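Student: Listed here are the chains, written in short residue letters.
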Amino acid sequence: MATKPEKWDLETDVLVMGSGCSGLVAAIIAHDEGSKVTLIEKASTIGGATAVSGGFPWIPNNHLEKEAGISDSREEALTYMKFIADGQVDDELVEAFIDTAPVMIKYIEDKAGLKFTVSEMPDYHDTKPGGKSKGRSLGPPAFDSNLLGEWKGRLRQAPVVIFPMSWEDFEKSNAKADPRNLDYGMLAKNMMAGIVGMGMSTIGCLLKACLDRGIEILVETPGRELISENGAVIGMKAQKDGNDFYIKASQGIILASGGFEWSNDLKKQFVPGPDFLPLSPPSNEGDGLKMSMAIGAELGNMHQIWGVPSCQLQGEEYEGKPLSRMTMGERALPHSIMVNRCGERFVDEAFNYSDVAKTFCHVDPLAYDLVNVPAWVVFDQQFMDGYMFLTVPPGEVAQPWMIQGDTIEELANEAGIDTEGLKETVTRFNGFANKGEDLDFGRGSTAYDRYQGDPNHKPNETLGTIEKAPFYAVSVVRGALGTKGGPTTDVNGQVKHVMGGLIEGLYAAGNVMAGTSGPGYGGAGNTIAAGMTWGYIAAKHATRQPKR
Amino acid sequence: MPDITHTETVKAPLEATWDFCKNMNNWVQYLKGYEKHEEHNETESTWWIKGDVGIMAKTVSFKVHIDEWIDGDKITFSLKGVSENMSGKGSLKVEADGDNTKLTFYLEIKAGGLIGPMVNAVLGPVLKPIATDFAGKLVARIEEIQAS
Numbered sequence: 003m004a005t006k007p008e009k010w011d012l013e014t015d016v017l018v019m020g021s022g023c024s025g026l027v028a029a030i031i032a033h034d035e036g037s038k039v040t041l042i043e044k045a046s047t048i049g050g051a052t053a054v055s056g057g058f059p060w061i062p063n064n065h066l067e068k069e070a071g072i073s074d075s076r077e078e079a080l081t082y083m084k085f086i087a088d089g090q091v092d093d094e095l096v097e098a099f100i101d102t103a104p105v106m107i108k109y110i111e112d113k114a115g116l117k118f119t120v121s122e123m124p125d126y127h128d129t130k131p132g133g134k135s136k137g138r139s140l141g142p143p144a145f146d147s148n149l150l151g152e153w154k155g156r157l158r159q160a161p162v163v164i165f166p167m168s169w170e171d172f173e174k175s176n177a178k179a180d181p182r183n184l185d186y187g188m189l190a191k192n193m194m195a196g197i198v199g200m201g202m203s204t205i206g207c208l209l210k211a212c213l214d215r216g217i218e219i220l221v222e223t224p225g226r227e228l229i230s231e232n233g234a235v236i237g238m239k240a241q242k243d244g245n246d247f248y249i250k251a252s253q254g255i256i257l258a259s260g261g262f263e264w265s266n267d268l269k270k271q272f273v274p275g276p277d278f279l280p281l282s283p284p285s286n287e288g289d290g291l292k293m294s295m296a297i298g299a300e301l302g303n304m305h306q307i308w309g310v311p312s313c314q315l316q317g318e319e320y321e322g323k324p325l326s327r328m329t330m331g332e333r334a335l336p337h338s339i340m341v342n343r344c345g346e347r348f349v350d351e352a353f354n355y356s357d358v359a360k361t362f363c364h365v366d367p368l369a370y371d372l373v374n375v376p377a378w379v380v381f382d383q384q385f386m387d388g389y390m391f392l393t394v395p396p397g398e399v400a401q402p403w404m405i406q407g408d409t410i411e412e413l414a415n416e417a418g419i420d421t422e423g424l425k426e427t428v429t430r431f432n433g434f435a436n437k438g439e440d441l442d443f444g445r446g447s448t449a450y451d452r453y454q455g456d457p458n459h460k461p462n463e464t465l466g467t468i469e470k471a472p473f474y475a476v477s478v479v480r481g482a483l484g485t486k487g488g489p490t491t492d493v494n495g496q497v498k499h500v501m502g503g504l505i506e507g508l509y510a511a512g513n514v515m516a517g518t519s520g521p522g523y524g525g526a527g528n529t530i531a532a533g534m535t536w537g538y539i540a541a542k543h544a545t546r547q548p549k550r
Numbered sequence: 373m374p375d376i377t378h379t380e381t382v383k384a385p386l387e388a389t390w391d392f393c394k395n396m397n398n399w400v401q402y403l404k405g406y407e408k409h410e411e412h413n414e415t416e417s418t419w420w421i422k423g424d425v426g427i428m429a430k431t432v433s434f435k436v437h438i439d440e441w442i443d444g445d446k447i448t449f450s451l452k453g454v455s456e457n458m459s460g461k462g463s464l465k466v467e468a469d470g471d472n473t474k475l476t477f478y479l480e481i482k483a484g485g486l487i488g489p490m491v492n493a494v495l496g497p498v499l500k501p502i503a504t505d506f507a508g509k510l511v512a513r514i515e516e517i518q519a520s
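Residue numbers (the working numbering), protein chains in the order written: chain A, 3 to 550; chain B, 373 to 520.
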């Protein structure tokens, strides 16, 4: 912990560290509540993990679903969220999230000009009590990044999710099942004109709201240590232009610096199971977590991640680090399965990525072995002809990173998968595909599964035979959109001390905090919704504090 | 189709400039993102280039064919992605300019296939810095050789 300097380099009321959705919402709210706000960002660009994501918030009981005539209620939301949290999160935190998220999103729509639309996407456990088949995941609009003026170049560029269009238009096109439905000439024009979509749009709108308010934003300014006095956090030692930079925060500091998925040390210490690929920006190294640990924060949910089955394609990099790609349709569309080295399926492949990713942690106790690592997505030419596999559009040639075989046996040999196991699995799966019912794992039995499938493929949108040569396999491993452990907080987002009580002046929001969904993932945008909501809550509380 | 033409003046006579440019092995390593190349014969080679288009970087291998080689004038080549749906062509042309030489570099790269238009949209803006960087390095190297 740093000592108080003789002279502060900058004095503010509320200091926000991190510029993803959590930090930007916190900054907007703190400003609107009348406080002087400063936001610092370690990277040279704004947006954090949100910018490289789909940009969805998942808001149960929101006003947009009501306007669309979709039934939802606080009770249903609480029932569902408590099921998701699996008893690992205090009920009062779950209630704070459920009660505040709809208020927050309405405020952001009204006051920050970020207007989402209701998505057709079902909750990740839509069949469970309180789960919904649509309405809670809210899609971002398209955004004209030219509105950011000189900050346009500071908007973090997404490497994968780059469709410069609104989610509403993307969803209507059914491009997730058939990318040929999109007009790529039009998208190229949008891109060149500065139009952005998905996470970049969400961040662009929020950043514009900050700029319109005159909120001070400092990039390339990493936070390093907290400074406290009489038990309260009063400032931070950051770095600017290579020098120590001391910032006083008279009402509070809101940590919104993302997870620790890019810190190998922290991953080894806290996250069990096989190593995982981070899909967030490389600047997410757990800075906020380490700063809060140094000041005695209680930690929670440290072993949980927002998991996703992922791939790395040789030669791809993002900001100098290997780029990882999430798998979605690759697992869920017809004519593909996921198998382990025994050639056995081990999960409903089309199910939500977070829970599918948990199956990589399954251990055979006798062998003391992770039985589903490594794993492969196995598919056939029908898939290649009809769907997109990562970077390969339908009908285009296979890539060197795809293992190929003219027969299932040959493919198994090439990949190192048990031949007889894979043959048996494919034969059995083809029987399910022909009947339209997966008797082993229930693939296609939920609204979520079917949403991820091909609506034009019947009788089951997610099941198709694997029978047309050549056959393909691509290695898939555990990845993470981010970690979800960190300092525990009270209902105001205030960080708890490991010895009891609260750390005055210190708040946490988003992936830096102990996630309030515990081990679970409610629906598309749960991570963003939690970040925005806890940013809102923390800012509301911090701005009510007397200035120190 | 994204393309760029860039001209620089080399403070060296045409003969010295051409002597350097005539052999692809002398200059291919000055391409931004160059990783390695393999020469298969007088006209065929493979280049591995890490292309950084801002949103991400990716190593792409190209089959390169020398299409035209006019002594003392220019060398033109065509590129085809080994596994990527990309193609293009380029040239290096030299012209006497008094005691100096005008060196003109031309490069065009086009992505094909379904998502080609979007790839081309991100490729376009990066060609100019690639050409400027390449030509600048070439000029510096030729002038260095000339001075030694």
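These are calculated hints, taken from the structure and not from any lab test.
Quick caveat, the model's predicted, so the values are computed rather than measured.
Be careful, since some hints might not be right.
In silico PhoX-like cross-links for lysine-lysine, where the CA-CA straight-line distance does not exceed 20 angstroms [unchecked claim]:
| hint | chain 1 | residue 1 | chain 2 | residue 2 |
| --- | --- | --- | --- | --- |
| 1 | A | K323 | B | K394 |
| 2 | A | K191 | A | K9 |
| 3 | B | K482 | A | K323 |
Below, a sample of chain A positions facing chain B; criterion: calculated Cβ distance under 7 angstroms [stated by the list, open to error]:
| hint | residue |
| --- | --- |
| 4 | P161 |
| 5 | E170 |
| 6 | L189 |
| 7 | A195 |
| 8 | F272 |
| 9 | G275 |
| 10 | P276 |
| 11 | D277 |
| 12 | L279 |
| 13 | P395 |
| 14 | P402 |
| 15 | M404 |
| 16 | Q406 |
Beta carbons: idealized from backbone N, C-alpha and C, even for Gly.
Student: Each of the hints needs a verdict: does it hold here or not?
Tutor: Hints and how they fare:
This hinted pair does not check out: K323/A and K394/B have alpha carbons roughly 36 angstroms apart, beyond 20 angstroms. About 51 angstroms separates the Cα atoms of K191/A and K9/A, which puts this hinted pair outside 20 angstroms; it is violated. About 26 angstroms separates the Cα atoms of K482/B and K323/A, which puts this hinted pair outside 20 angstroms; it is violated. The interface hint given for P161/A is met, as the beta carbon of that residue sits about 4 angstroms from the closest beta carbon of chain B, less than 7 angstroms.
Below 7 angstroms, beta-carbon pairs count as interface contacts, and E170/A has none with chain B, the closest being about 20 angstroms; its hint is therefore violated. Evaluation of the L189/A hint against chain B yields a held restraint, the C-beta minimum of about 6 angstroms falling below 7 angstroms. Here the hint on A195/A is broken, as its CB sits about 10 angstroms from the closest CB of chain B, past 7 angstroms. The interface hint given for F272/A is broken, as the beta carbon of that residue sits about 29 angstroms from the closest beta carbon of chain B, more than 7 angstroms.
Residue-level restraint check for G275/A is violated (minimum Cβ-Cβ distance to chain B is 28 angstroms; threshold 7 angstroms). Among the interface hints, the one on P276/A is violated; its C-beta lies about 25 angstroms from the nearest C-beta in chain B, farther than the 7 angstroms criterion. Against a cut-off of 7 angstroms between C-beta atoms, the interface hint on D277/A is violated, since the closest Cβ of chain B lies about 22 angstroms away. The beta carbon of L279/A is not positioned within 7 angstroms of any beta carbon in chain B (closest approach about 15 angstroms), and the interface hint is therefore violated.
At about 4 angstroms, the closest approach between the beta carbon of P395/A and any beta carbon in chain B falls short of 7 angstroms, and the interface hint on this residue holds. Contact between P402/A and chain B, as hinted, is supported at the beta carbon level, the nearest pair being about 5 angstroms apart and thus within 7 angstroms. With a least beta-carbon distance of about 10 angstroms to chain B, the hint placing M404/A at the interface is violated under the 7 angstroms criterion. Interface restraint check for Q406/A: the shortest CB-CB distance to chain B comes to about 13 angstroms, outside 7 angstroms, so the restraint is violated.
Hint compliance for this structure: hints 1, 2, 3, 5, 7, 8, 9, 10, 11, 12, 15 and 16 are not met, and every other hint is.
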